[in-house]
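There are 2 protein chains.
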Amino acid sequence: MPPFQGETSPEVRASDFDAAERAAVYRAIRSRRDVRSHFVSDEVEPEVLQRVLEAAHAAPSVGLSQPWRFIVVRERQTREAVHAAFTKANEEASRIYTDERAERYRNLRLQGILEAPVNICVLCDENPTQGHGLGRQTMPQTALYSTICAIQNLWLAARVEGMGVGWVSIIDPNALRKIFEVPAHLSIVAYLCVGYVREFASEPDLVTAGWEGRTALSDVVFNERYEGRERGE
Amino acid sequence: MPPFQGETSPEVRASDFDAAERAAVYRAIRSRRDVRSHFVSDEVEPEVLQRVLEAAHAAPSVGLSQPWRFIVVRERQTREAVHAAFTKANEEASRIYTDERAERYRNLRLQGILEAPVNICVLCDENPTQGHGLGRQTMPQTALYSTICAIQNLWLAARVEGMGVGWVSIIDPNALRKIFEVPAHLSIVAYLCVGYVREFASEPDLVTAGWEGRTALSDVVFNERYEGRERGE
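One line per chain: the protein sequences are G and F, in this order.
Here the first sequence stands for residues 3 to 235, where the numbers follow the working numbering.
Here the second sequence stands for residues 3 to 235, where the numbers follow the working numbering.
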């Protein structure tokens, strides 16, 4: 391929991460887990939580809108209310499974709301004034997407601090809205359980429990066009 | 706070990242940029692209559903078709701005579709069979959210490889669907420009261009309840 705009190749590249630093980042990415067990009760120090939230806040956001909001929850009583909302949603969710799959579902550990000393309720302003609407006319969901990027940053930062994060999605967002007094202009995006852990499992819990296996990268990567199977083929 | 489930505190914690490794991860997170300029024409080696895609594929996913799909685009002709779709969407998007803001908009560099040697179109199966529906009954959007987590992993991995990523959201998803022959059961989530760069800007381009400033972390973090302002207050 010819160089573009009159420049000559090879050009000077920014390469400011050495091999050890690159390896650290890849290890954080590979060893991150969705943690539901193994939380220890040790308090999360404010300065550590601050670092992890700063990492979230450094995420990309459409138009630099930074539409994420984080409610840090430590009070036991509040976490008990959230746990009750989880239990209700989980009873309903479990009904779609039958036979052996139902048995497996019952054995899954799905949340650590009470065991993790810190919970974080993540919100999003889906129509932020910050950013002046840049990039959201054709893809209005990008404010929401920015908020998820922030969550993934938080997850990786927590990992290197020795903290696990578990994302609880078996919960009615309206129950969370009521508990946390969230006004209508903010969306409820995620509920995270955060805390130090005894260990990070070498494999995802759902693999170990026989719920689902991992697919190969080659099954999800295509060249130039979508070449995958149609559903049902 | 008392220890839970009969355990004694302080407990043994997993702390397997040393200070230098932690610093590397935080630096990747802080110095990641949404890159639209500074791409160089150097080819991205297949093994480097593989590492970056492996990082994406290691993202968390609801029920281990791994619902992301990646189309790797290198052909110039295809990127030109995408660039034409961007130009059309951008002309429409620019019309909402007037006066000085319109002038600033015109001066923004919003994409690097032709300059970046690799583009990636990111898709999502929003109703995956993989994962057996776990975690998606109360929050069906979580398959989409998983795909965004994968994008953020990719972004950070690219950063440590010296590659920039630019997310182009000013584009009609249906134009991308047509170009890449994407079947109806997959959603068009993102279009990314990926390539080595001359430099990573110290600040986001939108800050430098005077489009938008960064907000303080304290403006987006709340304790125990949502305590922020209602819209318009």
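It is worth saying that the hints were derived from the structure and are not from the lab.
All residues carry an ideal CB built from backbone N, CA and C; glycine is no exception.
Incorrect hints may appear among the rest.
Partial chain F-side listing against chain G, Cβ under 8 angstroms, derived [claimed, not checked]:
| hint | residue |
| --- | --- |
| 1 | 28 |
| 2 | 46 |
| 3 | 48 |
| 4 | 50 |
| 5 | 98 |
| 6 | 100 |
| 7 | 104 |
| 8 | 108 |
| 9 | 136 |
| 10 | 141 |
| 11 | 154 |
| 12 | 159 |
| 13 | 174 |
| 14 | 213 |
| 15 | 219 |
Evaluated hints:
1. The beta carbon of residue 28 of chain F comes within 7 angstroms of a beta carbon in chain G, closer than 8 angstroms, and the hint placing it at the interface holds.
2. This hint is violated: residue 46 of chain F has a C-beta 11 angstroms from the nearest C-beta of chain G, more than the 8 angstroms allowed.
3. With 8 angstroms as the threshold, the beta carbon of residue 48 of chain F stays out of range of chain G, its nearest partner Cβ sitting at about 11 angstroms, so the hint is violated.
4. The closest approach between the C-beta of residue 50 of chain F and any C-beta of chain G is roughly 11 angstroms, which is over the 8 angstroms cut-off, so the hint fails.
5. Interface hint at residue 98 of chain F: satisfied, since its Cβ lies 6 angstroms from the closest Cβ of chain G, which is below the 8 angstroms cut-off.
6. Checking residue 100 of chain F against chain G by beta carbon gives a least distance of about 11 angstroms; that is not within 8 angstroms, so the hint is violated.
7. A cut of 8 angstroms between beta carbons decides the hint on residue 104 of chain F: the least distance to chain G is about 11 angstroms, and the hint is violated.
8. With its C-beta approaching chain G no nearer than about 12 angstroms, residue 108 of chain F sits outside the 8 angstroms limit, and its interface hint is violated.
9. Because the closest C-beta pair between residue 136 of chain F and chain G is about 7 angstroms apart, less than 8 angstroms, the hint holds.
10. A cut of 8 angstroms between beta carbons decides the hint on residue 141 of chain F: the least distance to chain G is about 4 angstroms, and the hint holds.
11. The interface hint given for residue 154 of chain F is met, as the beta carbon of that residue sits about 4 angstroms from the closest beta carbon of chain G, less than 8 angstroms.
12. Hint status for residue 159 of chain F: holds, given a least beta-carbon distance of 7 angstroms to chain G, under 8 angstroms.
13. Annotation: residue 174 of chain F was flagged as interfacial toward chain G, and the flag holds, the nearest CB pair being 6 angstroms apart, inside 8 angstroms.
14. For residue 213 of chain F, the suggested interface contact is upheld, since its CB lies about 7 angstroms from the closest CB of chain G, less than 8 angstroms.
15. With a least beta-carbon distance of about 5 angstroms to chain G, the hint placing residue 219 of chain F at the interface is held under the 8 angstroms criterion.
Hints 2, 3, 4, 6, 7 and 8, counting from the list given before, are not met by this structure.
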